[in-house]
Amino acid sequence: MEKEAPLEAPVWQRVVVRFAGDSGDGMQLTGNQFSLASVLAHRDISTLPEFPAEIRAPAGTLGGVSAFQIQVGGQDVLTPGDQPDVLVAMNPASLKVSLPELPRGALIIVNTDAFTPANLKKAGYTTNPLEDGSLRDYQVIPVPITRLNREAVKDVEGLDKKFIDRSKNFFALGLVYWLFDLKPDPTLAWIDRKFGKRNPAVAEANKRALMAGYNYGITAELFQHRYRIPSVDFPPGTYRRITGNEALAMGLVTAAQKAGKMLFYGAYPITPASDILHHLAPLRHYDVLTFQAEDEIAAMAAAVGAAFAGAFAAVGTSGPGMLLKAEALNLAVMAELPLVVIDVQRGGPSTGLPTKVEQADLLMALFGRNGESPLVVVAPSTPADAFDMAIEAFRLAVRAMTPVVLLSDGFLANSSEPWRIPDPEDIPPIPVRHPSVRNNGGRFLPYKRDPETLARPWAIPGTPGLEHRIGGLEKEPETGNVSYDPQHHQRMVKERAEKIERLAGVIPEAEVFGPEEGDLLVVGWGSTFGAIREAVRQAQDQGLSVAHMHLRYLNPMPRNVGQVLKRYKHVLVPELNMGQLAWLLQARYLVPVEKLNKVQGRPFKTVEILKAIEQMVDGR
Amino acid sequence: MEKEAPLEAPVWQRVVVRFAGDSGDGMQLTGNQFSLASVLAHRDISTLPEFPAEIRAPAGTLGGVSAFQIQVGGQDVLTPGDQPDVLVAMNPASLKVSLPELPRGALIIVNTDAFTPANLKKAGYTTNPLEDGSLRDYQVIPVPITRLNREAVKDVEGLDKKFIDRSKNFFALGLVYWLFDLKPDPTLAWIDRKFGKRNPAVAEANKRALMAGYNYGITAELFQHRYRIPSVDFPPGTYRRITGNEALAMGLVTAAQKAGKMLFYGAYPITPASDILHHLAPLRHYDVLTFQAEDEIAAMAAAVGAAFAGAFAAVGTSGPGMLLKAEALNLAVMAELPLVVIDVQRGGPSTGLPTKVEQADLLMALFGRNGESPLVVVAPSTPADAFDMAIEAFRLAVRAMTPVVLLSDGFLANSSEPWRIPDPEDIPPIPVRHPSVRNNGGRFLPYKRDPETLARPWAIPGTPGLEHRIGGLEKEPETGNVSYDPQHHQRMVKERAEKIERLAGVIPEAEVFGPEEGDLLVVGWGSTFGAIREAVRQAQDQGLSVAHMHLRYLNPMPRNVGQVLKRYKHVLVPELNMGQLAWLLQARYLVPVEKLNKVQGRPFKTVEILKAIEQMVDGR
Amino acid sequence: MTLTVNPKVLTKKDFASDQTVRWCPGCGDYAILSTVQKVFAQLGLPREKFVVVSGIGCSSRFPYYMNTYGFHTIHGRAPAVATGIKLANPDLSVWVVTGDGDALSIGGNHLIHAARRNADIKVLLFNNAIYGLTKGQLSPTSPRGMKTKSSPYGSVERPVNPIHLTLGAGATFVARTVDVFQSHMAETLEAAYRHKGFAFVEILQNCVIFNHGMWFPYTERDRRHDHVVYLEPGKPLRFGKAQEKGLVMKDGKMETVILGEDAAEEDLVVHDPSSPALAFMLGQLRDPLPVGVFYQVEQPTYEEWMYRQMEDVKRQKGKGDLKALYHAGDTWVVE
Amino acid sequence: MTLTVNPKVLTKKDFASDQTVRWCPGCGDYAILSTVQKVFAQLGLPREKFVVVSGIGCSSRFPYYMNTYGFHTIHGRAPAVATGIKLANPDLSVWVVTGDGDALSIGGNHLIHAARRNADIKVLLFNNAIYGLTKGQLSPTSPRGMKTKSSPYGSVERPVNPIHLTLGAGATFVARTVDVFQSHMAETLEAAYRHKGFAFVEILQNCVIFNHGMWFPYTERDRRHDHVVYLEPGKPLRFGKAQEKGLVMKDGKMETVILGEDAAEEDLVVHDPSSPALAFMLGQLRDPLPVGVFYQVEQPTYEEWMYRQMEDVKRQKGKGDLKALYHAGDTWVVE
Ligand SMILES: Cc1ncc(C[n+]2csc(CCOP(=O)(O)OP(=O)(O)O)c2C)c(N)n1
Ligand SMILES: Cc1ncc(C[n+]2csc(CCOP(=O)(O)OP(=O)(O)O)c2C)c(N)n1
Ligand code: SF4
Ligand code: SF4
Ligand SMILES: [Mg+2]
Ligand SMILES: [Mg+2]
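Protein chains in written order, with this note's numbering: chain X, 275 to 894; chain U, 275 to 894; chain D, 40 to 374; chain W, 40 to 374.
Bear in mind the hints are in silico, worked out from the structure with no lab data behind them. For clarity, every value in this text was computed on a predicted model and none was experimentally measured. In this text, a Cβ means the ideal position worked out from N, Cα and C, and glycines have one as well. Possibly wrong hints are sitting among the right ones.
[As the list claims (entries may be wrong)] What follows is a set of in silico ranges between Cβ atoms, one per label pair, in the way DEER data are often shown:
| hint | chain 1 | residue 1 | chain 2 | residue 2 | range |
| --- | --- | --- | --- | --- | --- |
| 1 | U | Lys436 | D | Lys51 | 26 to 34 Å |
| 2 | W | His366 | U | Asp455 | 25 to 33 Å |
| 3 | U | Pro709 | W | Thr370 | 40 to 48 Å |
| 4 | D | Gly193 | W | Asp311 | 27 to 35 Å |
| 5 | W | Pro64 | X | His499 | 37 to 45 Å |
[As the list claims (entries may be wrong)] Think about it this way: if two alpha-carbon atoms lie no more than 27 Å apart in a straight line, the pair counts; the simulated DSSO-like pairs of lysine-lysine are:
| hint | chain 1 | residue 1 | chain 2 | residue 2 |
| --- | --- | --- | --- | --- |
| 6 | D | Lys77 | U | Lys468 |
| 7 | U | Lys468 | W | Lys174 |
| 8 | U | Lys535 | W | Lys356 |
| 9 | W | Lys174 | X | Lys396 |
| 10 | W | Lys358 | D | Lys186 |
Can you build the whole structure from these sequences, using the hints too?
What follows is the structure, given as structure tokens:
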């Protein structure tokens, strides 16, 4: 008989849960299942996986900890949460790594069986934290998970010994399902789909483990209350979870299809961008041609070639790869060919922190090429937004015949949120024109610009009569013939810049969240959206006069940015770098801005931004 | 008997001469000899060679014109001059190309023999400009140079026929020597040195041609006056002419010797930087090891290796090469190794205008690398200054254990000025310390910073007991061990930035030329120095309240820049780009600046800057 | 205006663009340009199907002079750009024109990877053993000891052997010809065109300005016969004015013999372009210098495999549908 | 504190750094690390003379585990960094550790140029035919058809042959060994060390996570003998459990024979590491797979030439003097 939690159990608008264990403990899978169960129960979520550094560290050590944090909520959830309310710690190392993040009073479910002297030592504990009183500020729920799980699966027929303990994450998951009043059914179904055929014994063990954990929750009376989270009123539609990298891959494919084009994706693997390639490579039947090049230079150069030949060409990489792509990207600027370059930013400089988030490639995207080399720079703000911005990137690229750099980052890439699946029919086509006749009487002029957009015609090889030559040298206007004439250079430099600037006429104005004018405007870009929006919302709830403007277009900037900036007494720019957007705004609009910078390989916490807001509005 | 020019002949403080002809006409040689004769006669000069585009165009065409412009003066000559007062045009094409540059009344010496129908056609003339009245605003001195020269050399014994016309540039030079009252002797001596042994007939022909031209000046009474230019009071010393590329090469060698080091110079040829390699390659006996790498990536990577191994390592390239070097340069930022990277800027973007000047790589030098990647950026302002800045670059590199980018350009590279040769003894040594004992008791800590400079120790392979490992991943402070710790990253990012900023404490304050405060401050950097200084001087002569601050240090900036900027009502920033320093100043100091931009592959003319000054000071 | 082009009536002239050719008078590049224009006219393909891609260098100005589609890209990257073009549109006939610096120095990696992938692109390497455009520095094919602007005391580098390098990289067609051997070049280019897959053709080229006479031992009319051997499949390796000399194999090495004196016709090595080891051995020879097709083997091309896979997947899974893509995995419905 | 080190007493342990080794349990890299440490200890060189340089990849973490000087550089560029180190200080023993992606994909150009220049650096390529560090994509040595994260329907690429590539590039020492062939690896590494000049050693390595078993046909104890042939200079090519098989040359190709049945010992090919053509032919063989030194030839090293030239010029011109440098050319005096 199920014992209900006490009636007075509070309703939580949001709860942050963190699953942490060794790399081998299946924490990513556990987190993903929990996310799925939550969204299927109509809760909003935002998730953040944390992998160990690239190479597998020895089991049980701090370096080997794998974690998955998720915020579940009954209203707009914008971040994976600052601090876990609930921690599931499968071993001492994961407890040690996670503890500094926990607020006092947090609930900690520990697998006591893993707190052996050997494991404690590997984690660098000299005494057992479960016994030495160091956890007295938390609600510790000790559960002998390994033992209970072994018990649960011991009778599964044909189960290979080595799989017995592998199901213990399902036990933990079951327990947490009970705690959050979530149905285990989707996970049971998933287990069947995943293992049912290939290995029925493993499927059975996992299912038993899950239910054993769930039932343990019912019977053991370990918790003072269950977490009741109201469900969200999502707009009607079909939903799925989506990560930034998935969204980019789908956005690119969509853009190509919306133009009736092949998608050419050139890539050289690099963390955290490789998954875009992994998502695209299976899509051969979508006319997706993925080209794994010998290096980033070749990936970029091949994309330039593919664009010249008429394909929708894109490349994806991270910081070090961007440097290698710069020269061929600059060629695309000069040749005025449309393509999309994705930079999934990670910690730098140099190899830096390959798996961690940072936003320090903004100025590089804008200025990291020799000569005056203007191009479009956009940055999605959430995983779902990445889908839209990938399409938008191609739309702008084709409109102005220009490369577009899309700045994602290591956080966006891997974090996920619910995505209301659009009807592909509702996505407007991307108009592409390839001329088939000469544009100047008897001659074809490859650099004769469209008077409105200043784009040159995209005439593609294979078209009879439009044979022409392009290249990286400066050109005579219209004919495109090589020219060293001073006036030609000046004019072409201006036109290349002007054509980008004119896009400001077709991109949306920047939206302001909050009062139209007031004490403080917080300006952000990229993946910090959630943390900033949340902080601004909380500040507004406190009655502070604070607004938020998030820039999805960095070049050109929306036409209203300058005016908006001037309507507030102060401007705060939080960034995961040393102040790059801040530089841009000061240089462009001569408006003094306050910077809030973090370079720790981690996203902002809401509270960090909130504090800065409070200081700026209250504090002076 | 020599006929003297009329006594009333005015004294010219400065005259601009331009020699122009076909690529095959030896105009560079002619210009160089004229420069030499001028400086030996104690005049100040500034020169600008203009080569045709890289590939030899057909003889006689506009594309094949080669020119050499020089300003000669009896006081500080800062630029090769806005407009030629005297043009020597060896063929129709060179006349056509040069004419737009000439002021009314300019003196044009033309080789009438070259104005054949065929040559006129190649130059695109439909009528002969010598006859159609189109030159009526100039003083045209028609000289049948080819014929006169043939006459002069016809009796030279053993002269191969094909060499007969090759001496006609010496005829023209002799004529101009007379016109400027310069002694032909240095050139006679040079001819002997150059051809005397190898080909005495050619030597003889050239000498006869030179003297025939000179004597023709005496006898033909072609000119209304000779140009009398007073000699300059140069400070005592021994002088030579020096180009920017020569100065950089000598500066690098000097720096290495001043540290008792080998100079390792890694390069991949590229215009306009290749000459640095050509100047260094013969210096094997100066312990100069030039490594022509397979590409710029390897040149840079090898330099990083050489620096690790303890050499003074430098590389030189131009824009496209900088992009390829960026990744290994970023490694040097992370590994904190000292080295010097020279970027001889040229027109961009992409391949752009390979032989032309531009200043559009400034923001790339600062921001063109992934992550927060601070390094030192300096820019010499004149050819001679390039010598000092090359040494300074190494001094700063070693002091802070950092890469330094030195921004030269295509104008600096090839233009020349007199250089007072320093006594090498007077150049202070560059102190280098390689530790030989462990810096932390029993352990060596490769990232333990010097408390004053924040530099890490430069311990080099081969030193017993200091074995250590470095790399491009983020590090734990002090130990340098790989670390993904958020706090370590934040701290290291800050320390890398701080160590560069601290150099502001040891570099000189920016000098201000002109009033300490006033209406207008003109701020420049790099090779525009001469044109700006000259324009400011002229404006000051008009009584305008204008000062000039020229930045040789772009990062960190001299500590007084912010204050200086605020002491003037207006700030004008002339640049050969679309406004990169302007952008920096606005971003850094929030001071509004007016931009004067030129992207034509050419240096500023003094008058262009002067006009802008007048408009800003008078005009409002 | 109609733009129909009848490939049958094309002539060399049709392939000349309106741009003035800007190489130095006497440069070997002229002869190559002329032959390429002639050969293209004879291939039976309309002009718009040709794309000529180059890097940077004197040689790389080539596309500007061809009245086809052309792309003068950046230094060393032409094979990668060409790969992108060919993958995006396998219908095009894609030619790369490159120099010894462009292809073998900065572009070495792209060359070897294009070779191993076997995309159907044709690479013409104009080898003048010098950097022409940048005015005379050492190139990877400059011989040791050569004095250049960047090696005033003589090169201290071992040069690269382009035939060996491309063989080592797995090229399926490797050949050599010479700027002044007009008809041989024409045959070789046509063979390259007919080869299905990556084709590499080294063309020895004279740079009159910075490396004049580099190949004279092989090109001067009076010496040529004694120092050049023409490779013809199935034929014994004979050379000399009267074909009086030949090559035999001795202790795993090639040796020159006089026919009738040192050896008989049967003793001569017979050229077999399908043997990589023979090709490698021939690649070592400098005197006589072999010209012609060293190696040729038929293999599926990269784009063939790629498109075949795309078709296979379409056949198996059906043409991709965006709706299905979006809905893959777990979804939930809110009503 | 005194820092004298006595090279005679060095042991494997002396070459182990204090860092925890972070490869996956079972990774082939462990065995290689252990052998390298052992071999280094035996070479008679003090620790401070070793520099281990790497690029990026699982394999490229190697320097962190070696208690020598070490530089974990950037992806693909280790041979170039190593060249700079060697040129700046020819006294050092410079080793490059690299992976199949690092050396053959992004770093291909540096590898072939280091090979041709013949700088005295030793390149150890850990070939696991996969990108380990980035979690399992196609590498240039992955066989056609191989399914990886980036080739879910099977690779459509022709793989590169590292032996052929380095031979084609002109390497003076080309060898292969296997992670689990401990003593063979030790011998091979020592031979590489003793070779004066560039030495390339391919080491087949098992990646337990992303490409487990790639080399099992050659490494499993029961199959090994039949599928691996050890190359020994001057020795006939024999293999098999009882050395009962051998290799003969037939129509320019290698063929396996059973000794006593198909052929006699005298018919077998005798290994001659000085023959490039033989090395090239052996490079083609996949079954049996040759291990050992394919090719070795002595040539002056790049740094030797370079320093010799520096000395020559010094001898001719005298040691450079700054004053003379500044005063070269035309000068004038102002008093
Ligand atoms: C990234 C980059 N580096 C260097 C250059 C300068 N550059 C142009 S062409 C060239 C070499 C030309 O030699 P080669 O390829 O042999 O062609 P050739 O001129 O001899 O035909 C170099 C070094 C460049 N354009 N881009
Ligand atoms: C410029 C750049 N591009 C891409 C990467 C990502 N990356 C790191 S290692 C690697 C390949 C590793 O494969 P391999 O060289 O075979 O080494 P392994 O991990 O298998 O030992 C890649 C693509 C990078 N670090 N830098
Ligand atoms: S420099 Fe040499 S290769 Fe270049 S165009 Fe002139 S002759 Fe030809
Ligand atoms: S991923 Fe493969 S290569 Fe890398 S450490 Fe693990 S087993 Fe070794
Ligand atoms: Mg060349
Ligand atoms: Mg690998």
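Q: Determine which of the earlier numbered hints do not hold for this structure and return their numbers in increasing order.
A: Violated hints: 6 and 7; rest satisfied.
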